[in-house]
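From first to last, the protein sequence lines are chains H and G. Note that the working numbering has the first sequence beginning at 1, numbered continuously upward. Note that the working numbering has the second sequence beginning at 1, numbered continuously upward.
Just to be clear, a hint being listed does not mean it is correct.
[As the list claims (entries may be wrong)] Between beta-carbon pairs, the in silico distance windows are:
hint : chain 1 : residue 1 : chain 2 : residue 2 : range
1    : G       : A391      : H       : A175      : 43 to 53 Å
2    : H       : A229      : G       : E242      : 27 to 37 Å
3    : G       : V256      : H       : E234      : 39 to 49 Å
4    : H       : E10       : G       : R304      : 42 to 52 Å
5    : G       : D299      : H       : V168      : 20 to 30 Å
6    : G       : E242      : H       : F140      : 26 to 36 Å
7    : H       : G49       : G       : S430      : 43 to 53 Å
In case anyone wonders, no lab produced these hints; they're calculated from the structure. Small disclaimer: the values here were computed from a predicted structure and weren't measured. Glycine residues also receive a C-beta, built at the ideal position from the N, C-alpha and C atoms.
In case you want the letters, here they are:
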Amino acid sequence: MGYRSRLHREQTGRCLLLACSAVCFCTVVLITIFIFAQGIPVFKKVPLGAFLFSTNWSPSDAEPHYGVFSFIVASIVVTTLSLLFATPIAISTAIYLAVFAKGRKAAIIRQSIELLAGIPSIIFGLFGIAVIVPFVRTAFGGNGYSLLSASLVLAIMILPTIINISEVSLCAVPAELKEASIALGATDWQTITRVMLPAARGGITASLVMALGRAIGETTAVLLVGGNAPLFPESPLSMGRTLTMNIVTDMSYAEGVHMSALFATAMLLFCFILVLNLLVRRKS
Amino acid sequence: MNRNTTSRLAVCCVRILSATTIILLVAIIGYIAFRGLWKRERYVSDVLPSFSAGQQFVLSSPRESGLEHLSWFALREMAMGKVPNLRSVTGVNEPFSLYVTDDSLPAFLAAMDLTQTQLVRRTTLPLRPENGSLVVSLEAVPHERNVRLEDKVLAVDTVVAALNGNRRISLVANEDLKRLLAGNLRSWKELGGPDLPVVEAADERELQTVRGSWMVMDAKRWRQLSGSDNAPAKLDVEGLQESRNLSWGYLTGRTVESGKYGGIGTIVVNTFFLVLFTMLAAMPVGVAAALWLVEYAKDGLPKRCIQSGIDILSALPSIIFGLFGLLVFVQLCHWSFSLLSGTLTVSLMVLPTIIRTSEEAMREVNPNLLEASLALGATKMETIFRVVLPASRRGIVTGMILAIGRTVGETAALIYTIGSGTDVPKSLTSSCRVLAMHIYLTITEGQSTDKAFASALVLVLLVLVINSAANRLIHQRRH
């Protein structure tokens with residue numbers, strides 16, 4: 001084969017590879033453009049303030065209202081609660097894996113975390129309907145389909161995210177720090193709380209932020225257990241609708257301004273995820 | 001408290017909390033497996049489960065038919081050719097055919113109170129009855145399910161079954177019925193009815209005259225009586241039936257009525273198609289992108305843009321991908337809800353996984369190998385194909401398996417892209433649901449919780465196998 005043709009092939013190949021690697025970037029740009037192009041027109045009809053801070057969502061009324069404040073609050077309540085439930089368990093597991101775990105026990109825990117991470121969200125939803133909803137119903141009253149159930153399901157789902165990233169950052173704490181602390185006569189627990197956790201603070205925060213992102217974007221599982229009522233959530237036990245649930249529920253029949261309002265909801269979600277992503281990057 | 005004790009206590013707490021993950025995993029998988037294998041089905045029948053033995057013949061039906069029990073009325077209607085298919089009894093939409101063996105024919109006719117001319121009958125028994133057929137014989141047909149025949153009727157004085165306030169006691173639970181038959185109930189009030197004494201009546205005339213009475217009689221007599229104008233009210237019995245859920249028939253059968261009946265054979269095939277096409281679309285692009293990032297990218301704006309693109313794409317929730325797919329593939333490209341739209345949407349979603357894993361594997365390739373190849377006069381492209389790709393194939397396969405795991409379990413991105421057709425797609429642009437979507441739709445449309453659990457068990461097993469394979473590969477690579 002001639003030198004020229006080899007060079008030619010080399011260059012074509014290189015361009016092809018570049019094109020392929022640009023796919024992700026282009027997709028992000030296209031997603032942004034398309035969702036914003038569909039979402040922004042709603043603000044011609046509904047002022048931004050009314051959209052964000054009104055709790056009245058009645059798209060099918062004669063005089064339709066599009067206020068997503070209830071959904072924002074529901075999303076915040078669900079994610080906060082799920083983080084509250086998941087963090088103690090997840091951080092403990094991360095500490096255990098990073099500090100104490102040896103041999104088969106650790107291997108079993110690691111395996112189960114990996115498997116837990118792989119279980120599809122629809123399965124969590126099904127489990128939520130059959131186990132968590134009746135549990136909430138008997139323990140706290142109400143009909144069980146509530147933001148609390150949704151956050152319990154989410155708490156299980158985000159465990160692997162928090163554990164994996166926190167464990168990595170706990171393992172990355174220099175051994176000298178740990179050894180110095182032990183040499184000074186500190187107990188295991190003192191070493192963990194005063195040396196390792198502060199040293200791994202950045203990574204742990206990043207893991208929580210990632211988990212937050214996963215929780216706020218989760219759709220199917222919360223949709224099945226959350227109750228999906230477009231009302232302002234008065235307590236964690238009331239039925240509620242998160243941003244993602246709102247998109248999925250109405251999308252099947254929405255038209256015109258209503259459709260546009262749904263894309264604006266997606267826009268909100270998108271911005272939220274972008275901000276979280278930037279936060280994580282700033283941290284690491 | 002001593003600080004050593006505090007430390008020990010705290011460490012103990014940490015250990016206990018860390019075991020929660022295992023407990024949760026076992027609980028979830030165990031529960032799904034249990035519900036997937038066993039179903040508890042509530043059913044309502046106006047006849048009682050048979051208490052008396054002494055049936056003269058055995059009813060058998062194929063296992064896939066789902067037929068568990070049959071009342072004398074239904075059997076009689078079937079024998080008279082009034083029932084065209086098993087749909088009304090079990091939901092299997094097959095045409096119904098009844099086979100009666102010659103030796104059991106006289107007993108059957110006598111019990112059914114029929115003459116031979118009334119009977120719609122086939123003469124030869126097929127070697128293996130098809131779905132939708134019912135065999136009446138003296139001995140059970142091997143390899144087929146025996147169907148229980150229920151032969152008693154509980155009838156209640158109309159006063160009792162009538163309204164009390166707004167509540168009708170036409171439905172009693174199985175346990176209450178046992179108490180009723182044992183004579184433990186004194187008043188209908190205990191079942192939510194009017195305050196009337198429970199009285200046992202011997203025949204229908206007595207039932208009409210004694211207020212608050214009930215009676216049990218055999219099916220034949222009931223048939224004669226129920227023809228009369230003022231028939232007593234029937235008391236429906238609510239029963240709970242436990243049986244096997246996930247079966248070979250379910251796994252291979254065709255879906256009937258959006259998952260209410262039938263199996264998931266076609267849906268498993270659809271899932272396979274989705275995975276196949278997604279990998280065909282995403283693997284080349286993902287691996288190529290990883291190659292560019294490892295072998296060609298220099299620090300600078302393009303690399304930074306591409307990397308943040310991958311970061312953001314991996315962080316986006318799947319519903320956003322679903323919306324994008326809806327806008328671009330479904331609406332803009334006019335591919336409607338189809339396999340093609342779904343495939344491309346999921347491909348975009350799994351790209352970051354493939355790129356990341358492949359990239360990691362390629363960075364681990366020994367640089368000496370690369371330099372040796374270049375020194376021998378190979379071009380960079382030749383080096384990539386002959387050295388880098390073979391050396392990092394294990395990592396690439398791991399990425400592929402992880403991506404398959406994600407594809408199989410995806411729902412939110414597919415709700416508005418892949419559609420809900422239950423048949424195997426004829427072309428790329430026909431709609432077809434996959435396993436995860438099928439579970440979602442069966443629950444949200446309220447078709448059948450038991451079937452949803454059976455499908456969920458299949459999905460969980462699939463995902464567990466896929467992820468275990470990926471984990472094994474990852475660990476092998478590390479050691």
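Consistency of the hints with the structure:
1. The hint said 43 to 53 Å for the Cβ distance between A391/G and A175/H, and at roughly 32 Å that hint is violated.
2. Taking 27 to 37 Å as the suggested C-beta distance range, the pair A229/H and E242/G conforms, at roughly 34 Å.
3. Separated by about 43 Å at the C-beta atoms, V256/G and E234/H satisfy the suggested range of 39 to 49 Å.
4. For E10/H paired with R304/G, a C-beta distance near 25 Å fails the hint of 42 to 52 Å.
5. A hinted range of 20 to 30 Å holds for the C-beta pair D299/G and V168/H, which are about 24 Å apart.
6. Remark: the range hint 26 to 36 Å for E242/G to F140/H is upheld by a beta-carbon distance near 30 Å.
7. At about 45 Å, the CB distance of G49/H to S430/G agrees with the hint of 43 to 53 Å.
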